[in-house]
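2 protein chains.
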Amino acid sequence: MIGLYKKRDVAIISAAATKCGEHWDKGIKDLAWEAGVKAVEEAGISGKDIEYLVVGNMSGGMFVGQEHIGALVADFLGLNPIPSLRVEGACASGGIAFFQGYMAVASGLYDIVAVGGVEKMTDVEQEQATTALSGAMDFEWEAYFGATFPGIYALMARRYMYEYGLKKETLAKVAVKNHYHGSMNSLAHFRNKINLEEALSAPMVADPLGKYDCCPISDGAALVILAPLEIARKYTDTPIIVKSSVMASDTLSLLKRRDICTLDATVNAAEKAFKLAHIERSQVNLIEVHDCFTIAEVLAIEDLGFAKKGEGWKMCDEEQTYVGGNLPVNTDGGLKASGHPVGATGVKQIVEIVKQLRGEVERGRQVKGAEVGLAHNVGGSGATAVVTILARG
Amino acid sequence: MIGLYKKRDVAIISAAATKCGEHWDKGIKDLAWEAGVKAVEEAGISGKDIEYLVVGNMSGGMFVGQEHIGALVADFLGLNPIPSLRVEGACASGGIAFFQGYMAVASGLYDIVAVGGVEKMTDVEQEQATTALSGAMDFEWEAYFGATFPGIYALMARRYMYEYGLKKETLAKVAVKNHYHGSMNSLAHFRNKINLEEALSAPMVADPLGKYDCCPISDGAALVILAPLEIARKYTDTPIIVKSSVMASDTLSLLKRRDICTLDATVNAAEKAFKLAHIERSQVNLIEVHDCFTIAEVLAIEDLGFAKKGEGWKMCDEEQTYVGGNLPVNTDGGLKASGHPVGATGVKQIVEIVKQLRGEVERGRQVKGAEVGLAHNVGGSGATAVVTILARG
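In order, the protein sequences belong to chains A and B. The first sequence begins at 2 in the numbering used here and counts up by one. The second sequence begins at 2 in the numbering used here and counts up by one.
If you are wondering where the hints come from, they were derived from the structure by calculation, not from laboratory data. Positions of the beta carbon are idealized from the N, C-alpha and C atoms, including for glycine. Don't take each hint at face value.
Just so you have them, the derived chain B footprint on chain A, three or more residues with Cβ under 8 Å [said to hold, decoys possible]:
1) 80-94
2) 189-199
3) 236-250
4) 262-272
5) 366-372
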């Protein structure tokens with residue numbers, strides 16, 4: 002895969018997302034439509050210019066009885082008869098959609114490509130949502146025996162604490178930081194700040210993970226439009242270049258992993274993404290990582306190569322991951338505070354990086370002079386990972 | 002999309018499918034594994050040679066609680082850490098997967114690519130299966146008001162009968178022909194022949210469609226392996242060339258169509274597929290069409306351009322669609338008799354064309370000297386269509 006053929010460079014010419022949250026008044030079509038129209042208007046193009054549509058969605062069937070999501074979004078955005086499809090890789094569906102759209106433009110197959118992500122999760126009861134999300138793990142070997150995602154990540158957290166001396170206080174600091182960033186993000190699901198004491202005294206979900214260690218169930222959508230770099234300036238003064246986008250896979254079930262404190266899919270994808278992008282980790286100004294649980298943010302920092310295994314938690318503990326710190330992480334509040342509409346999250350992360358690199362986010366959470374950003378999207382407990390590196394044009 | 006960039010020609014180097022049917026002893030992983038291992042062995046490659054995996058699956062969540070199907074299949078075929086994903090476009094998921102795999106090789110992104118399709122449908126009650134399948138239509142505007150797929154296609158059949166003078170007897174002839182072909186196919190779900198009287202006197206499902214006008218609910222999987230044509234002969238003496246593969250979309254709900262007797266997505270995809278392939282319809286020796294209901298086979302013959310609108314039924318009535326006739330249609334028995342494991346069907350159709358072009362199917366249903374074949378896969382009532390044209394190398 003190193004040496005992946007690329008005919009030309011690709012740029013993001015527009016990027017938009019809905020607010021995340023409990024959208025009782027909006028269905029899956031409304032959410033996709035809202036993000037889509039915002040992105041099309043921002044690009045100043047007509048729907049007719051779009052040649053191909055890829056939509057990330059994890060479980061439209063389980064959440065709202067609706068599959069066939071690619072054609073559905075094409076239909077409601079008025080894009081028929083262009084080719085459209087849904088891609089799925091659990092919570093990495095959005096990242097996969099971006100990878101697919103990027104490949105389609107990079108290879109020269111299409112010029113103008115729309116990449117969306119959408120999930121409507123709050124129409125079902127909590128228990129049904131948990132069942133739907135269990136579809137991301139090995140259902141027969143994990144979910145069937147009672148495992149839930151908080152339980153799976155709690156296993157990873159416990160082992161990591163045992164191996165490397167992580168304390169619950171540090172996980173709480175991750176949540177406090179993400180709520181702080183989210184408080185400044187007008188599209189975030191949660192905009193309340195929390196303090197360390199609140200985080201530590203919250204009800205337990207799966208020991209050692211409490212309520213504030215877990216991301217919420219959110220409705221939301223995001224959409225970005227891609228074009229070859231050579232024509233991108235026709236549409237925008239600030240094209241954002243896709244330096245690389247790489248996917249990798251791993252076993253679905255934890256029991257087959259060599260080490261449950263490492264997401265090998267992230268390690269593999271990140272290594273290749275940096276090589277293809279010709280960028281060093283020291284050049285990266287901010288990262289969006291897949292913090293479905295606080296422990297996942299710690300693991301991501303390490304698996305992406307920003308800290309040695311067993312030492313990522315120190316960056317969190319020393320608060321280097323705030324905007325203004327050495328490596329701002331999840332400047333939109335991450336999955337924890339900005340929300341996690343599962344199939345949309347990977348695209349929503351890209352939207353945040355684009356807005357940051359353009360200098361367009363709210364004061365207080367804007368990373369000054371950001372030139373390079375990285376998005377990291379994970380499916381399940383790490384069976385899929387997508388790493389995308391973006392830079393100012 | 003005409004002028005779709007192609008760096009190089011692509012060939013299918015191996016193709017395999019499981020038997021379709023009610024596989025009480027096999028889960029979704031077992032089915033995918035069986036098709037995958039057969040295809041890998043036929044190609045004489047090692048799993049390590051495969052660089053990319055695309056899997057078509059419509060509704061793993063609704064049928065067996067399992068999403069994340071791309072990584073799951075990669076996991077159980079031992080392909081980690083290669084990039085893997087599931088694609089979905091309802092019953093066209095398999096065709097979409099093929100299109101994606103074809104693009105990946107044609108553009109030069111990858112050399113050896115596996116394209117699979119799998120569906121395990123019989124673990125749920127009939128009513129749950131109907132609900133799951135309703136996810137292929139516009140759930141809010143159709144399924145919510147009680148529409149089912151037999152009902153939707155019955156509307157199309159009634160209108161077509163009114164407009165063009167089609168009789169129930171002709172639809173019955175489609176079923177009789179597909180059961181006849183299926184009787185000679187060792188992998189078919191149904192291997193019983195039926196006669197016209199049996200077809201006409203079968204219980205009504207949705208007037209005018211009776212039991213034999215409807216395809217069954219099947220478990221099954223299929224997998225093909227693609228390579229650049231220039232290296233294909235390393236793996237096989239009979240590479241099958243992908244002349245073109247094209248997707249198109251349309252509205253999900255019938256109520257927004259200009260004409261419910263035409264699948265515009267099929268018309269659009271077919272027109273482009275023939276142009277890109279530089280092949281005339283008269284050169285095509287056999288076609289696999291998406292006969293989820295008998296009326297769909299009639300519409301497909303017309304929308305693909307093998308008959309004028311309103312006249313396709315005459316070819317069926319005159320029995321020109323048998324092996325040995327002017328245009329053999331569904332030589333494996335079609336969805337009707339060979340089975341319809343929804344997400345796998347599009348790949349299974351490709352497998353049939355490959356075996357026919359290689360001269361490898363059972364006597365009696367082998368199209369002699371076949372040089373060119375076409376596969377036509379539809380999602381829902383036509384919101385997605387994929388047309389693929391294959392030829393002997």
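Comparing the hints with the structure gives:
1. 80-94: holds (count 12)
2. 189-199: Since 0 is below three, the answer is violated.
3. 236-250: Since 4 is at least three, the answer is holds.
4. 262-272: Result for this restraint: holds, n = 3.
5. 366-372: Violated - the stretch 366-372 of chain A has 0 residues with a Cβ nearer than 8 Å to chain B, which falls short of three.
Figure legend: structure checked against the earlier numbered hints; hints not met, in rising order: 2, 5.
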